[in-house]
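Protein chains in written order, with UniProt numbering: chain A, 1 to 238; chain B, 1 to 238.
Note that these hints are calculated values from the structure, not bench results. Careful: at least some of the hints might be erroneous.
Identical copies carry no separate label here, and so any pair may be met within one copy or between two of them.
Capping the alpha-carbon separation at 25 Å, the derived lysine to any residue pairs in SDA-like fashion look like this [claimed, not checked]:
1) LYS237 <-> SER185
2) LYS93 <-> GLY219
3) LYS93 <-> LYS122
4) LYS159 <-> ALA62
5) LYS220 <-> ILE47
2 protein chains.
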Amino acid sequence: MERVSGQHISGQFNEELESIRNRVMVMGGLVEKQLEDATTALIKQDIAIAQHVVMSDHKINALEVSLDEECTQVIAKRQPTASDLRLIMVVIKTITDLERIGDEAERIGRMCLHINQTGAQKSQLASLKHIGRYVQDMLHEVLDALARMDADAAVRIAKMDEGVDREYESVMRQLMTYMMEDVRSIPGILDIMWSARALERIGDRCCNICEYIIYYVKGKDVRHTSIEAMESLVQQKR
Amino acid sequence: MERVSGQHISGQFNEELESIRNRVMVMGGLVEKQLEDATTALIKQDIAIAQHVVMSDHKINALEVSLDEECTQVIAKRQPTASDLRLIMVVIKTITDLERIGDEAERIGRMCLHINQTGAQKSQLASLKHIGRYVQDMLHEVLDALARMDADAAVRIAKMDEGVDREYESVMRQLMTYMMEDVRSIPGILDIMWSARALERIGDRCCNICEYIIYYVKGKDVRHTSIEAMESLVQQKR
């Protein structure tokens, strides 16, 4: 994560912020891996990978707790203001969303194990391939934008969420048709639906992180505003 | 929200913290009302109330944004430490969960409007009565515990989530049976399932707030620990 200003009287303060930023990116990397593994496990019905996903979530949780603690200590000791304070705020909010994306990945992992019992055809699971790929790309790009604190990229990525929503609706319609065609498929299809919902929610959380990036760069909270408002803010006064 | 220490050199700082605490409770009250209205609208299929819920969510969003701004300003201006800083951290985290509970309530409101088209029998909707009541009680109690910063109550409320999960599983099984009995009911039942899931998630968010209360009172982050660990921490050294 790049900073607007890197000048501090205290070199140690600089190091602390640097360490926090690095650890957020490490956390992001872990979350990205979990999502990738969870999606692969689900689509290929790979039980070993799914179990690994479920067993690995605790690492993300531990990073969230320790980063929160670091941020609180930096506020108490260093009394950050302006862009340094915004950075800390962005970290506090971002790690909550990253942790929840990790939870959704874990949920997909569990769903994969459950599907093993309820039964679902690989052809039905394949309907998640596209949305899975799309959401993974979105997360990858948002982490990249976060590393560079790139507000333009943040707007572009936030726009991708419409695509996720469209794909989600289309997957749900298709899955509902399968259900109606064969009643016995209902339990398995429901698991696939929960997984689709988890992917859709991850898209929403990526959008949240986009909003934090814009807040850091522009100093303005754009949550609950339109994508057009975000875009025109980012384009203002270069 | 009660504070561990109410003594500050600056009377104005005291007032600022007081104002933040009051506004969090106002936000909590709004969220509680939204959840109550959404659940009533859904079970009674009351379109007017559902529309009102969907139209009112923006008030909660606005409170979240302005409270976040106030918290950031207090950190920058007052440089809080110890329990004052913990209070601010708790507020920042709590309002995120309150806002998301508001989102879930809005989602239930939208689902109610959608069910009006997909069609669902009142007898099927009635299966949400119990879990709806339970989650409403949980939210009410967690807001009360937050107002009093009561760690014992927080542990007790966090334990209630098991009941929500059990009730959720039972509702889902029942709804799945309805689906399998009558294929035409599937679209309507899916909407009821999404609403049940929203209620279950609200239970999770109430648990999050319980954890923040314990963090404030005990100064220790209990997220991702067991309920037993939370309980033994709260019982330590009275």
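Evaluation of the provided hints:
1. LYS237 <-> SER185: neither (56 Å within a copy, 55 Å between copies)
2. LYS93 <-> GLY219: Both: 15 Å inside a copy, 20 Å across copies.
3. LYS93 <-> LYS122: neither (37 Å within a copy, 40 Å between copies)
4. LYS159 <-> ALA62: Answer is between; shortest inter-copy Cα gap is 22 Å, intra-copy 31 Å.
5. LYS220 <-> ILE47: neither (45 Å within a copy, 36 Å between copies)
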